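Sequence order for the protein chains is A and B. For the first sequence, the working numbering begins at 1 and goes up steadily by one. For the second sequence, the working numbering begins at 1001 and goes up steadily by one.
Careful: at least some of the hints might be erroneous.
[Claimed, not checked] Beta-carbon label-pair distances, calculated as ranges:
#1 B/Leu-1183 x A/His-218: 46 to 56 Å
#2 B/Thr-1040 x A/Glu-41: 57 to 67 Å
#3 B/Gly-1222 x A/Glu-93: 50 to 60 Å
#4 B/Ser-1144 x A/Glu-41: 55 to 65 Å
Bear in mind the hints are in silico, worked out from the structure with no lab data behind them. The structure displayed is predicted, hence computed values, not measured ones. Cβ atoms here follow ideal geometry from the backbone N, Cα and C, with glycine treated the same way.
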Amino acid sequence: MPDDDLTSEPPPSPVTPSTPAANAPLSLSLSDVTLAVGSLEICTEVSMEAAAGQIVGIVGPNGSGKTTLLRSVYRMLRPRLGQVVVGEDDLWELRPREVARRVAVVVQEPRTDFEFTVREVVAMGRSPHQSAFAQESAADRERVERALAHVGIAELAPRAFSTLSGGEKQRALIARALVQEARILILDEPTNHLDIRYQLEVLELVRGVGVTTVMSIHDVNLAAEYCDHVVVLQDGRVRAAGSVDAVLTPEVLEPVFGVSVERVPRAGGRSLLWFRSNTDPGPEPPV
Amino acid sequence: MRLSERLARPGRGRLPSGLALGGHVARFGFAAVLVALAVTLVVSIVLAVTLGPADISPMTAWRIGIHQLWPDLVTPDWPAAHEHIVWHIRLPRALLAVLVGATLAVVGTVLQAMVRNPLADPTILGGTAGAAAGAVGVIVLGWSFVGIYTLSVAAFVGGLIGYGLAFVLATSAGGLSPLRLVLAGIAVSYLFSAVTSMLIFISEQNQTARVALFWMLGALGGARWDQLGLPTILLVAGLVYLLAQARALNLLLFGDETATSMGVPPDRLRRVLFVVVAVLTGTSVALAGGVGFVGLVVPHAARMVVGSDHRRVLPLAALVGALFLLWSDVLARLVIQPRELPIGVITALVGAPVFALLLRARLRGSDHAR
Chain A
1 MPDDDLTSEP
11 PPSPVTPSTP
21 AANAPLSLSL
31 SDVTLAVGSL
41 EICTEVSMEA
51 AAGQIVGIVG
61 PNGSGKTTLL
71 RSVYRMLRPR
81 LGQVVVGEDD
91 LWELRPREVA
101 RRVAVVVQEP
111 RTDFEFTVRE
121 VVAMGRSPHQ
131 SAFAQESAAD
141 RERVERALAH
151 VGIAELAPRA
161 FSTLSGGEKQ
171 RALIARALVQ
181 EARILILDEP
191 TNHLDIRYQL
201 EVLELVRGVG
211 VTTVMSIHDV
221 NLAAEYCDHV
231 VVLQDGRVRA
241 AGSVDAVLTP
251 EVLEPVFGVS
261 VERVPRAGGR
271 SLLWFRSNTD
281 PGPEPPV
Chain B
1001 MRLSERLARP
1011 GRGRLPSGLA
1021 LGGHVARFGF
1031 AAVLVALAVT
1041 LVVSIVLAVT
1051 LGPADISPMT
1061 AWRIGIHQLW
1071 PDLVTPDWPA
1081 AHEHIVWHIR
1091 LPRALLAVLV
1101 GATLAVVGTV
1111 LQAMVRNPLA
1121 DPTILGGTAG
1131 AAAGAVGVIV
1141 LGWSFVGIYT
1151 LSVAAFVGGL
1161 IGYGLAFVLA
1171 TSAGGLSPLR
1181 LVLAGIAVSY
1191 LFSAVTSMLI
1201 FISEQNQTAR
1211 VALFWMLGAL
1221 GGARWDQLGL
1231 PTILLVAGLV
1241 YLLAQARALN
1251 LLLFGDETAT
1261 SMGVPPDRLR
1271 RVLFVVVAVL
1281 TGTSVALAGG
1291 VGFVGLVVPH
1301 AARMVVGSDH
1311 RRVLPLAALV
1321 GALFLLWSDV
1331 LARLVIQPRE
1341 LPIGVITALV
1351 GAPVFALLLR
1361 ARLRGSDHAR
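Just chain B, same shape as in the assembly:
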């Protein structure tokens, strides 16, 4: 695998791996980076809710927010429509972007460690394709078994089926082989993509194909407060669990023998991680569709800054993923306003060149080192 070998060329100390080197200064530096990113994220959320076809100033957005939380503090002097846009449309949407972006980035990081392969991401292990098949299935067939939640539930279940199939195919007497997991995931993804294409093709209405395509490329437009509760709890719980596994993930990434000899049975850990990752991917796809590239690019970007230690990579990837998806969504809303682009188009258009640049920086560096 040529690409993976190229990606594999280590930093060799040229990249700013100073942060990865431990010691008091570096730890302070890393904490400072996290705080700076967190502040940037909060500022970005405020900016994101002010950007859009309706012209609302940041100040007004702030005051609407404060008014919603503590009605007595601020007297409304804005049109009710603005309040609706800021509080009931843009804010939940921005928060969804943050949540889904952080989840996809963390899930991508964990998957890459699980299968020890830099090309792994949520879209190649069968989960996203399965979710898309489920969602497109209910769109095309016009089913509705749980009302407005039908699409999300179908996507969630489809995602679990996709991951589950890959998991079963990859498991053998000898355990869960990382390479087989990747191959099985790719096979399952192709299978479900074929099912999705077939469903779209046999569908009678043009509108269906459009909805399906939009959904497959990802869209945050459906964000509503009342839909955010349960997924938020699931995603936050999953993220906290994965952060707690950082040290075990380091061992897994270094090798199965090492993990075993340090008291972390790799097969057992992979199984648990697989379930967590499947639920997280299923939930995020159910909420936002099949947003690509975040889970692939963000982990690599994070590793280029702090090395492979997951205690640094995971929080950094979560914050960068959140920022990336938040701003991608803003672009998706603004580029052809008042219409919208699917967010997956933006993440790929921005992500692919960024990835190419990272790759080139890496190659140049390793040429120097030789």
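Isolated chain A, as found in the complex:
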């Protein structure tokens, strides 16, 4: 399979940050949300806010409940306790279709044995807006083509979705979110398995969508660069939340990730964070 074949990627497209977001962004708020799968409690009394238009990053070690928390924002998992509010309304009091018009999700599905073309996948984003027997309108098709062009994969439209590389798949799913015209965007590890250039391109695209965004993200430095607000999760609880400068600090991150964290100053910008294993003796020669 030609997956992740660099030469097959399209050239980087110029990303226009001023994507026309058809709908005004909505705020999102979770208050004391407790989530469990079966008898296993995964998130405990999590509260967080995403103001309209903000990009919120969720950071935390593996198994800290990031994915589970995100699933509660698009009705995949109903909280045992607590409330999720989208705009003014409780998520679970809205109709599923109405939620789908407000919240778009970019998450990789497990591979299936059935093939859809990239264009078909992107066009699925229109389904919350269509009735049962309705065909795609000319406006719908126009939206799909525009979104494909916007994320730079217009020429991949007739290809089978499963033959795309990881970066191309993320672009297609972002295009799907664009045609969905939702007002909140949820992404689960959008940069996973991507090489550095595609990580940056995907995050630029996300920023360009211009709606309220909540994403889980592994790379703390990328989180610092692209997020307005960061929530640090550990063992399903919020350990810290706030602005990048307040939260992404050695004091917060060291106990959460169990590593040593160092600030590395950078000319003309925010200092980078450098991580070392606690068992690593470090660069100093032992005395």
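With chain A's structure known, arrange chain B on it following the hints.
Below, chain B alone, put in the same frame as chain A:
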């Protein structure tokens, strides 16, 4: 699952997936294909009622049909026996084949999407085996609680029990898992097959075993006008409902997270689909016995032409399934005439090689792509 992985190899654009690509030309092309198939189906029905041990020309068949509908238009110049054969035996039988073929193909397509597994078909989710056990049970035990309808009712109820059992086994706190549904269906199918075999084995009369076997392999010979009414309404209503779910089925096939995020709760949809599919399978098995292969092969054949979009796959599968079963029944009647083969023998004999060819075409294509 090796076979499923092989089946999974995508078309990669070599197969005539041009129809799947949208745009005005492709949509016109797809509509043209549907119209052509519909016309072929009507012509096939007329041909099917003229074929058989009794020699009746297509022209006569037409005139008998017109005479039945508008008696004044055509003056009868044929033996009364021919009229009986065409109108009361062959025509209802052909229509039953069309109805059952379309139903099995659509049900197979929907089941494959529900459990996201290309090997799913009505026979592996417990319904067909349950129906067979019910029907063979009343044949062997000689019960008759609702007269001539006993067999159909027993098959219908058996089918619902089979599906229901698989459903209950597959449901857990976490919802209805597609993989568990397949496994539970297979377990239930084995259970009911064992019951059926045992019933046939303990039966005293040889004739019983023969009737049971014939019925299990499928037979359309019992088609009569007065039995077609209610099942027709059920099947047509079910098919229309499933066609209306085409977009939701696409989302379900792509993944549960996607379906949820597009406002289609997957568990709820699966439950409703399960009930519809159970009723449709039960009805078609009650009418025609356990016809195999249509529900497995036809959906795949349809997808190879138009891709996975159910708005195209479902109508195409319905028409192809109808044609396939109609001609299979003609063969079943003609091959060893005046005796008949069970139709399931024909669908498997024709279907298995066709399936093998589809599989090979697919494999060859993906080798190219690599």
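Hints and how they fare:
1. The beta-carbon spacing between B/Leu-1183 and A/His-218, approximately 35 Å, falls outside the hinted interval of 46 to 56 Å.
2. For the pair B/Thr-1040 and A/Glu-41, the supplied restraint of 57 to 67 Å holds, since their beta-carbon distance comes to about 60 Å.
3. At roughly 52 Å, the beta carbons of B/Gly-1222 and A/Glu-93 sit within the given window of 50 to 60 Å.
4. Checking the proposed 55 to 65 Å range against B/Ser-1144 and A/Glu-41 shows it holds: the Cβ atoms sit about 57 Å from each other.
Hint 1 from the list above is the single one not met by this structure.
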